[in-house]
Amino acid sequence: MHFDQQAPFADLFDFASSFAGPGAEVPSLFRGVPDLDLRPASGEHGASGYPLLSVASVARSPSPTPSDNSDADRGSDDTLAMTEPPPILQPIENGPRWASARAFLEAMAASSAMVRCSRMAFAALQRQKKPASLQVDHRPFYDRAAKKLAESVTDPFAGTADNREDLKHILTTIFFLSYIDLLTDRHDLAHAHLKQAYKAIKKRDRLNSEPVEQRVISWIRVLDARAASAGGEGCFVNDQSGVYSPVDTQVCHASTPSGTGEAHNAKVEEVLYDLLCQPGLQFFQEVQSVTGRITRIDHYHRSRGTVEDETQVMAAAADILRDLSRLHDRRPVLADHAVAGDIGESLLAPSLASAIVSSYRTYLANFHSCYVHLHRVAHRHLPRPQMLVKAIARIRDLMRAMVASRETLPVNVLWPLFLWGCEEDDVEECCWIVETIRTFESIVTNANIAADLLCEVQQRQRDCGGRVDIRSVAVEMFKASFAMV
Numbered sequence: 012m013h014f015d016q017q018a019p020f021a022d023l024f025d026f027a028s029s030f031a032g033p034g035a036e037v038p039s040l041f042r043g044v045p046d047l048d049l050r051p052a053s054g055e056h057g058a059s060g061y062p063l064l065s066v067a068s069v070a071r072s073p074s075p076t077p078s079d080n081s082d083a084d085r086g087s088d089d090t091l092a093m094t095e096p097p098p099i100l101q102p103i104e105n106g107p108r109w110a111s112a113r114a115f116l117e118a119m120a121a122s123s124a125m126v127r128c129s130r131m132a133f134a135a136l137q138r139q140k141k142p143a144s145l146q147v148d149h150r151p152f153y154d155r156a157a158k159k160l161a162e163s164v165t166d167p168f169a170g171t172a173d174n175r176e177d178l179k180h181i182l183t184t185i186f187f188l189s190y191i192d193l194l195t196d197r198h199d200l201a202h203a204h205l206k207q208a209y210k211a212i213k214k215r216d217r218l219n220s221e222p223v224e225q226r227v228i229s230w231i232r233v234l235d236a237r238a239a240s241a242g243g244e245g246c247f248v249n250d251q252s253g254v255y256s257p258v259d260t261q262v263c264h265a266s267t268p269s270g271t272g273e274a275h276n277a278k279v280e281e282v283l284y285d286l287l288c289q290p291g292l293q294f295f296q297e298v299q300s301v302t303g304r305i306t307r308i309d310h311y312h313r314s315r316g317t318v319e320d321e322t323q324v325m326a327a328a329a330d331i332l333r334d335l336s337r338l339h340d341r342r343p344v345l346a347d348h349a350v351a352g353d354i355g356e357s358l359l360a361p362s363l364a365s366a367i368v369s370s371y372r373t374y375l376a377n378f379h380s381c382y383v384h385l386h387r388v389a390h391r392h393l394p395r396p397q398m399l400v401k402a403i404a405r406i407r408d409l410m411r412a413m414v415a416s417r418e419t420l421p422v423n424v425l426w427p428l429f430l431w432g433c434e435e436d437d438v439e440e441c442c443w444i445v446e447t448i449r450t451f452e453s454i455v456t457n458a459n460i461a462a463d464l465l466c467e468v469q470q471r472q473r474d475c476g477g478r479v480d481i482r483s484v485a486v487e488m489f490k491a492s493f494a495m496v
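Residue numbering for the sequence shown is 12 to 496, as defined by our numbering.
One or more of the hints may lead you astray.
[To be verified] Keeping only pairs whose Cα atoms sit at most 30 Å apart, straight-line, the calculated DSS-like set for lysine-lysine is:
{"no.": "1", "residue 1": "K210", "residue 2": "K158"}
{"no.": "2", "residue 1": "K141", "residue 2": "K159"}
{"no.": "3", "residue 1": "K158", "residue 2": "K141"}
{"no.": "4", "residue 1": "K210", "residue 2": "K141"}
{"no.": "5", "residue 1": "K213", "residue 2": "K278"}
{"no.": "6", "residue 1": "K213", "residue 2": "K158"}
{"no.": "7", "residue 1": "K490", "residue 2": "K158"}
{"no.": "8", "residue 1": "K206", "residue 2": "K278"}
{"no.": "9", "residue 1": "K140", "residue 2": "K210"}
{"no.": "10", "residue 1": "K490", "residue 2": "K140"}
{"no.": "11", "residue 1": "K214", "residue 2": "K159"}
{"no.": "12", "residue 1": "K159", "residue 2": "K210"}
{"no.": "13", "residue 1": "K490", "residue 2": "K206"}
{"no.": "14", "residue 1": "K159", "residue 2": "K140"}
{"no.": "15", "residue 1": "K158", "residue 2": "K140"}
[Stated by the list, open to error] For each label pair, taking beta carbons as the anchor points, the in silico distance ranges come out as:
{"no.": "16", "residue 1": "A326", "residue 2": "Q293", "range": "24 to 32 Å"}
{"no.": "17", "residue 1": "G253", "residue 2": "R391", "range": "29 to 37 Å"}
{"no.": "18", "residue 1": "Q293", "residue 2": "G477", "range": "35 to 43 Å"}
{"no.": "19", "residue 1": "E439", "residue 2": "G477", "range": "16 to 24 Å"}
{"no.": "20", "residue 1": "R471", "residue 2": "S122", "range": "47 to 55 Å"}
{"no.": "21", "residue 1": "V279", "residue 2": "H339", "range": "31 to 39 Å"}
{"no.": "22", "residue 1": "V414", "residue 2": "S362", "range": "14 to 22 Å"}
{"no.": "23", "residue 1": "E439", "residue 2": "A491", "range": "17 to 25 Å"}
These are computed hints drawn from the structure, not numbers from a lab. All residues carry an ideal CB built from backbone N, CA and C; glycine is no exception.
Working from the sequences, and respecting the hints, build out all of it.
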């Protein structure tokens, strides 16, 4: 499990390695977009005059901005199409639920330049993982979306939305821009964008909150939980004022565009999925809140080291443990059946059954990872209690079951896998975890450096016979910590 510790953090994205050579057709997603940089790369290192784009160059290099031409921006009818949800949304917009999310995203993109450009910026990042794809620079789209975002608020980063329609567009744009920021090691920008979204929501009339807004907020909360682990404020996951509240499923369906040409049975399947998974979605969002609370007591978010500090941390940790126990007691009834594999083709359509099982396994893996996270934050110097041993065993069982059933692992189990790996003593099991984490590199993610970090954490812990601080090791290796997305 050796890796090059001197390898630059910028190697996170190898933009040229997966794109087609000369003569490749311009993908429909980007047809008609002016000033688009589409230069083919050949060879592993882009030797044909188009160097690899590193994270550092993405962050520091100026990039051209497409002209403000909304008609050209739109291109053909399928320009704005999204075939699959962004990876981090899989446990939220899994299975048939994606159809309605895709419909309202396309509707917003058709009427908002900043939503359109932010979506296309993310699509450009996604394409680097697709074989035989043409290289597309995401930065012009990102820059234009950021410019439009600044123009749509009274003051850049003041978070004041002019109207409800603008607020939906602002939140959706910030979701995509923040996601890109986290993937390209620009955490300061991600934190600023997330804070901007929080301020915008705080100014809205909560009594008239729309289901679409709440749905996008649920997306942002997942990003916010991951950003908090990399030093962010965790505005959303730590909020106690009711910024996010679960939306009634029927209301959400009544107010969400269903798109055109969708088969009737597909719509019914989505309603069934929502009815069965809505309790799980609420459970998962509560887990995100617990993650935020744990992050808030680490030594990067508060003072640690004195008797008074550690007494306060222990008290907070005890409260979190009690809340975790209560949360487990009121977990969705369907969760245990899904994990046990009791939901099969005899009860539901195969695609619906597999989506539900995958979702609930993801929710529970993240729940059990809270015990590991909390112990390493609050009780790092202490041996594993029985509840931690059980949590690790449950994460192991869930991950093994997902792999054995040939499920495509959602990127949201990267964090539970990583934390399990940090506490795993068996060398062969550690190797399996690292290899499993590296399989995520088929999608846009930072799994490879997460695997490298895990290898180093494991080695240092074996050498010293105790736990080491994950974030300190990350900063030493990569000169920065990073969010696992």
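Hints, verified against the model:
As the CA atoms of K210 and K158 are separated by approximately 18 Å, the hinted pair is consistent with the 30 Å bound. A hinted pair counts as satisfied when its Cα atoms are at most 30 Å apart, and K141 with K159 qualifies at roughly 29 Å. For the hint pairing K158 with K141, the CA-to-CA distance comes to about 28 Å; that is within 30 Å, so the pair holds. Between K210 and K141, the direct Cα distance comes to roughly 36 Å. Violation of the 30 Å bound is thereby established for this hinted pair.
Pair hint K213 plus K278 does not hold up; C-alpha atoms about 33 Å apart against a cutoff of 30 Å. A threshold of 30 Å between alpha carbons decides the hint, and for K213 with K158 the separation of about 22 Å falls inside it, so the pair holds. Between K490 and K158 the CA atoms are separated by roughly 29 Å; this keeps the pair inside 30 Å, and the hint holds. At roughly 35 Å between alpha-carbon atoms, K206 and K278 are farther apart than 30 Å, so this suggested pair is violated.
Distance check on the hinted pair: K140 and K210 sit about 34 Å apart at the alpha-carbon level, beyond 30 Å; violated. For the given pair, K490 sits about 25 Å from K140 by alpha-carbon distance, which is consistent with the 30 Å threshold. Using a Cα cut-off of 30 Å, the hinted pair K214 and K159 holds, with the two alpha carbons roughly 20 Å apart. Simply put, K159 and K210 have alpha-carbon atoms about 18 Å apart, close enough for the 30 Å limit, and the pair holds.
The hinted pair formed by K490 and K206 meets the criterion: a straight-line CA distance of about 24 Å does not exceed 30 Å. Taking the CA atoms of K159 and K140, the gap is about 28 Å. The hint holds against a cut of 30 Å. Pair hint K158 plus K140 holds up; C-alpha atoms about 27 Å apart against a cutoff of 30 Å. Under the hint 24 to 32 Å, the C-beta atoms of A326 and Q293, about 27 Å apart, fit the expected range.
Checked against the hint of 29 to 37 Å, the C-beta distance between G253 and R391 comes to roughly 33 Å, which is consistent with it. A hinted range of 35 to 43 Å for the beta carbons of Q293 and G477 is consistent with their spacing of about 38 Å. A beta carbon spacing of about 22 Å between E439 and G477 agrees with the range 16 to 24 Å that was offered as a hint. Separated by about 52 Å at the C-beta atoms, R471 and S122 satisfy the suggested range of 47 to 55 Å.
Between V279 and H339 the beta carbon distance is about 32 Å. The supplied range of 31 to 39 Å therefore holds. Distance hint check: the CB atoms of V414 and S362 are about 19 Å apart, consistent with the given range 14 to 22 Å. The hinted range of 17 to 25 Å is not satisfied by E439 and A491, whose Cβ atoms lie roughly 31 Å apart.
Hints 4, 5, 8, 9, 23, counting from the list given before, are not met by this structure.
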